[in-house]
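As a plain string of letters, each chain reads:
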Amino acid sequence: GNSVTQMEGPVTLSEEAFLTINCTYTATGYPSLFWYVQYPGEGLQLLLKATKADDKGSNKGFEATYRKETTSFHLEKGSVQVSDSAVYFCALMRATGTYKYIFGTGTRLKVLA
Amino acid sequence: EAQVTQNPRYLITVTGKKLTVTCSQNMNHEYMSWYRQDPGLGLRQIYYSMNVEVTDKGDVPEGYKVSRKEKRNFPLILESPSPNQTSLYFCASSTGLAGDTGELFFGEGSRLTVL
Chain A
1 GNSVTQMEGP VTLSEEAFLT INCTYTATGY PSLFWYVQYP GEGLQLLLKA
51 TKADDKGSNK GFEATYRKET TSFHLEKGSV QVSDSAVYFC ALMRATGTYK
101 YIFGTGTRLK VLA
Chain B
1 EAQVTQNPRY LITVTGKKLT VTCSQNMNHE YMSWYRQDPG LGLRQIYYSM
51 NVEVTDKGDV PEGYKVSRKE KRNFPLILES PSPNQTSLYF CASSTGLAGD
101 TGELFFGEGS RLTVL
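Which chain is which? The protein sequence lines are A and B, in order.
In terms of my numbering, the first sequence opens at residue 1 and continues consecutively.
In terms of my numbering, the second sequence opens at residue 1 and continues consecutively.
Among the clues, some could well be false.
To be verified - As a list, the in silico DSS-like pairs of lysine-lysine whose alpha-carbon atoms are at most 27 Å apart:
| id | chain 1 | residue 1 | chain 2 | residue 2 |
| --- | --- | --- | --- | --- |
| 1 | B | K69 | A | K100 |
| 2 | B | K65 | B | K18 |
| 3 | B | K57 | A | K100 |
| 4 | A | K100 | B | K65 |
| 5 | B | K71 | A | K100 |
What the hints assert, rightly or not - Derived DEER-like restraints, expressed as beta-carbon distance ranges:
| id | chain 1 | residue 1 | chain 2 | residue 2 | range |
| --- | --- | --- | --- | --- | --- |
| 6 | B | P8 | A | N59 | 25 to 33 Å |
| 7 | A | G1 | B | T113 | 30 to 38 Å |
| 8 | A | Q81 | B | D56 | 36 to 44 Å |
| 9 | B | P61 | A | K110 | 31 to 39 Å |
| 10 | B | K65 | A | E16 | 48 to 56 Å |
Quick caveat, the hints were computed from the structure, so don't treat them as lab data.
Think of the CB as a built atom: it goes at the ideal place given N, C-alpha and C, for glycine as much as any other residue.
With the hints as constraints, model all of the structure from the sequences given.
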């Protein structure tokens, strides 16, 4: 079946450090891939997305590349800020007749000043 | 402003007392869905709806009901809540159109405690 696996947190970094949060998936066919971010006390919001192999999604300095050969969609940012502290969810969507979303368990990021 | 609105945001109730969490979206979205978020388990889908009067079970539907009588509303009903339904609940919507990339728009969440 379809599944998403992401690295467990929490991840604690100093400001301006490089960030990688790993995400791998299993799915039949060609799902769309997403990263959502959840700030404290808020709902999830879309951070970036990619809809086909080798696509790179980017937003707010974050990037992730859809790697079909390794079934991965790792999230990266070159220099994190305190304001990036949040929970990050990797997700896939299969649109085969009905929409089916699968979320990872989330990775909490804490950035220290 | 485009948004998904849930109510109540916080609720403490007792076992067996029926409750409804409302969800409304103003984006004319076809697709709506409910999730619960629990520590270590991420988001799990409870029910979803592709359109008015069309609903289907997600991964954890036991103990929940939904209805979709109007396009904008998708209430979640707990007929007889139990403590294992204590969780953070999110409603989400999407255009649901063929070819769309499927971005979900989430409400702010409803934290439910069942004693």
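Verification of the supplied hints:
Of the supplied pair hints, the one linking K69(B) and K100(A) holds, its CA atoms being roughly 22 Å apart against a limit of 27 Å. For the hint pairing K65(B) with K18(B), the CA-to-CA distance comes to about 11 Å; that is within 27 Å, so the pair holds. For the hint pairing K57(B) with K100(A), the CA-to-CA distance comes to about 11 Å; that is within 27 Å, so the pair holds. Note on K100(A) and K65(B): the hinted pairing holds, with a Cα-Cα distance of about 19 Å set against a maximum of 27 Å.
Distance restraint check for K71(B) and K100(A): the Cα-Cα separation of roughly 19 Å lies within the 27 Å cut-off, and the hinted pair is therefore satisfied. Between P8(B) and N59(A) the CB atoms are about 32 Å apart, so this pair conforms to the stated range of 25 to 33 Å. For the pair G1(A) and T113(B), the supplied restraint of 30 to 38 Å holds, since their beta-carbon distance comes to about 32 Å. For Q81(A) and D56(B), the Cβ-Cβ distance of about 41 Å falls inside the hinted range of 36 to 44 Å, so the restraint holds.
A C-beta distance of roughly 34 Å is found between P61(B) and K110(A), which places it inside the suggested range of 31 to 39 Å. For the hinted restraint 48 to 56 Å between K65(B) and E16(A), the CB-CB distance of approximately 49 Å keeps it satisfied.
Of the numbered hints given earlier, the model fails none.
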